[in-house]
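Let chain Z serve as the given structure and place chain L on it in line with the hints.
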Amino acid sequence: MDPLDEIIHQPVRLKIMAALKALPSRTQIEFVRLRAVVEATEGNLGAHLATLEKSGYIAIEKDFVGKKPRTRVALTPAGRRAFERYVDYLRGILDGAA
Amino acid sequence: MTLSSEQAEQALRDLETAGQRSGQLYRYQRSAPMLIVWGVIWLIGFGLSDFFPARVNLIWLVLDVVGVSASIYLGRASPSSTGKDSSWRWLASIFSILVFYILVQLVLQPVTEQQAAALMALLVALFYVLGGLWIGARLAIAGLVLAALTLVGFFTLSAHFNLWMAVVGGGALILAGLWLRRV
Chain Z
1 MDPLDEIIHQ
11 PVRLKIMAAL
21 KALPSRTQIE
31 FVRLRAVVEA
41 TEGNLGAHLA
51 TLEKSGYIAI
61 EKDFVGKKPR
71 TRVALTPAGR
81 RAFERYVDYL
91 RGILDGAA
Chain L
1 MTLSSEQAEQ
11 ALRDLETAGQ
21 RSGQLYRYQR
31 SAPMLIVWGV
41 IWLIGFGLSD
51 FFPARVNLIW
61 LVLDVVGVSA
71 SIYLGRASPS
81 STGKDSSWRW
91 LASIFSILVF
101 YILVQLVLQP
111 VTEQQAAALM
121 ALLVALFYVL
131 GGLWIGARLA
141 IAGLVLAALT
151 LVGFFTLSAH
161 FNLWMAVVGG
171 GALILAGLWL
181 RRV
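As you go down the protein sequences, you meet chains Z and L in turn. The numbering used here numbers the first residue of the first sequence as 1 and each following residue consecutively. The numbering used here numbers the first residue of the second sequence as 1 and each following residue consecutively.
Bound-form chain Z, shown alone (with noise of 0.2 Å):
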């Protein structure tokens, strides 16, 4: 069985890729769309985007809208691999224990 991945296996890491991980290939979801989905703080979630995206688990684009930023993320194809690889650990476990 694979080792945990420590990058995904946090709370709220864990729910970012969950979400990106439920939208079509390449699809991008907006920040404060993210946001509302895993329920965490701006700095806390721009924290943990940071260290998926130097994992290279997702790729974040920024623009703007106007005048108004906006700031866009995807998972990347090893970010979508590495999210099931963690599934199947998970489901590897429960499998074991029953």
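Please note: incorrect hints may appear among the correct ones.
Simulated crosslink set (SDA-like; lysine to any residue; CA at most 25 Å straight-line) [claimed, not checked]:
no., chain 1, residue 1, chain 2, residue 2
1, Z, K68, L, Q29
2, Z, K62, Z, E39
3, Z, K21, Z, S55
4, Z, K21, L, L12
5, Z, K21, L, G23
6, Z, K68, Z, G46
7, Z, K62, Z, R35
8, Z, K21, Z, E6
9, Z, K21, L, T17
10, Z, K54, Z, E84
11, Z, K62, L, V183
12, Z, K21, L, G136
13, Z, K67, L, R181
14, Z, K21, L, E9
15, Z, K67, L, V183
16, Z, K62, Z, A50
17, Z, K21, L, P33
18, Z, K21, Z, E53
19, Z, K21, L, R30
20, Z, K21, Z, V32
21, Z, K68, L, Y28
Here are some chain Z residues pointing at chain L (derived, C-beta under 10 Å) [to be verified]:
no., residue
22, H9
23, P11
24, L14
25, I16
26, M17
27, A18
28, A19
29, L20
30, I29
31, R35
32, A36
33, Y89
34, L90
35, R91
36, I93
37, L94
Treat the hints as calculated values from the structure; they're not laboratory data. Where is the CB? At the ideal position from N, CA and C, for every residue including glycine.
Structure of chain L alone, referenced to chain Z:
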């Protein structure tokens, strides 16, 4: 680090909850433009129908073509959660509503113009209520509100039904679309 089965179960529950919420907000976001487009079409269509009653069929023919074209475009521009083009679903839904609209009138004829208009609005409301059962409560609520407003207008404001549907019906669809876009 190793996890207990309880921890693994909790993590799976958490990720499922987050995934469902994310998927629902995404489906709301995809549906929102459709409601806004058709809200504007109702605003124009029912409004013009009130001022030009003799041209009702032409007005709705033109506007329905615009609406269907917009629905196809929006369906293609925004993939479903499986990543597939969903424009055919919108087209099929619109076509189904139209077919049932015609069939019900055939069964219940003769039908007044006002009854026909109310029937279409109620069929659209039903579509949103049923869609809401799959997509989320907001869409179902939008459908129920639309149905209620249609009935209020039909039974209490028959002399101004078209104007009522233009402002209140069209306005309700637009507001519902804006509500769906909110997080």
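So, going through the hints one by one against the coordinates:
A C-alpha spacing of about 20 Å is found between K68(Z) and Q29(L), which places the hinted pair at or below 25 Å, so the restraint holds. Restraint check for K62(Z) and E39(Z): the C-alpha separation of about 21 Å stays at or below 25 Å, so the hint holds. Restraint check for K21(Z) and S55(Z): the C-alpha separation of about 16 Å stays at or below 25 Å, so the hint holds. A hinted pair counts as satisfied when its Cα atoms are at most 25 Å apart, and K21(Z) with L12(L) qualifies at roughly 13 Å.
For the hint linking K21(Z) to G23(L), the alpha-carbon distance of about 9 Å falls within 25 Å, and the restraint holds. At roughly 18 Å between alpha-carbon atoms, K68(Z) and G46(Z) fall within 25 Å of each other, so this suggested pair holds. At most 25 Å may separate the alpha-carbon atoms for a hinted pair to count; K62(Z) and R35(Z) meet this at roughly 16 Å. In summary, the hint linking K21(Z) to E6(Z) is supported, as the alpha carbons are separated by about 18 Å, within the 25 Å threshold.
Distance check on the hinted pair: K21(Z) and T17(L) sit about 12 Å apart at the alpha-carbon level, within 25 Å; holds. A distance of roughly 19 Å separates the Cα atoms of K54(Z) and E84(Z); the hinted pair therefore holds under the 25 Å criterion. With a CA separation close to 19 Å, the supplied pair K62(Z) and V183(L) stays within the 25 Å bound. About 19 Å separates the Cα atoms of K21(Z) and G136(L), which keeps this hinted pair within 25 Å; it holds.
Using a Cα cut-off of 25 Å, the hinted pair K67(Z) and R181(L) holds, with the two alpha carbons roughly 20 Å apart. With a C-alpha separation of about 19 Å, the suggested pair K21(Z) and E9(L) falls inside the 25 Å cut-off, and the hint holds. Between the alpha carbons of K67(Z) and V183(L) the distance comes to roughly 21 Å, so the proposed pair stays at or under 25 Å and holds. Among the hinted pairs, K62(Z) with A50(Z) is consistent with the structure: their alpha-carbon atoms are about 13 Å apart, no more than 25 Å.
With a C-alpha separation of about 23 Å, the suggested pair K21(Z) and P33(L) falls inside the 25 Å cut-off, and the hint holds. At roughly 15 Å between alpha-carbon atoms, K21(Z) and E53(Z) fall within 25 Å of each other, so this suggested pair holds. Among the hinted pairs, K21(Z) with R30(L) is consistent with the structure: their alpha-carbon atoms are about 17 Å apart, no more than 25 Å. Among the hinted pairs, K21(Z) with V32(Z) is consistent with the structure: their alpha-carbon atoms are about 17 Å apart, no more than 25 Å.
For the suggested pair K68(Z) and Y28(L), the alpha carbons sit about 23 Å apart, so the restraint of at most 25 Å is met. Taking 10 Å as the C-beta contact cut-off toward chain L, the hint placing H9(Z) at the interface holds, the least distance being around 7 Å. The interface hint given for P11(Z) is met, as the beta carbon of that residue sits about 7 Å from the closest beta carbon of chain L, less than 10 Å. The closest approach between the C-beta of L14(Z) and any C-beta of chain L is roughly 6 Å, which is under the 10 Å cut-off, so the hint is satisfied.
Interface restraint check for I16(Z): the shortest CB-CB distance to chain L comes to about 8 Å, inside 10 Å, so the restraint holds. Using the Cβ-Cβ criterion of 10 Å, the hint placing M17(Z) at the interface with chain L is satisfied: the shortest such distance is roughly 7 Å. The interface hint given for A18(Z) holds, since its Cβ lies 4 Å from the closest Cβ of chain L, which is under the 10 Å cut-off. Checking A19(Z) against chain L: minimum C-beta separation of about 4 Å stays under 10 Å; hint holds.
For L20(Z), the interface hint holds, the least distance from its beta-carbon to any beta-carbon of chain L being 7 Å, beneath 10 Å. Hint status for I29(Z): holds, given a least beta-carbon distance of 7 Å to chain L, under 10 Å. Proximity of R35(Z) to chain L holds as hinted, the smallest CB-CB distance being about 8 Å (cut-off 10 Å). The interface hint given for A36(Z) is met, as the beta carbon of that residue sits about 4 Å from the closest beta carbon of chain L, less than 10 Å.
Because the closest C-beta pair between Y89(Z) and chain L is about 8 Å apart, less than 10 Å, the hint holds. Of the supplied interface hints, the one on L90(Z) holds, with its beta-carbon coming within about 4 Å of a beta-carbon of chain L, less than 10 Å. Nearest Cβ of chain L to the Cβ of R91(Z): about 7 Å, under the 10 Å cut. The hint holds. Against a cut-off of 10 Å between C-beta atoms, the interface hint on I93(Z) holds, since the closest Cβ of chain L lies about 4 Å away.
Restraint check, L94(Z) versus chain L: the minimum CB separation of about 6 Å is within 10 Å; hint holds.
No hint from the list above goes unmet by this structure.
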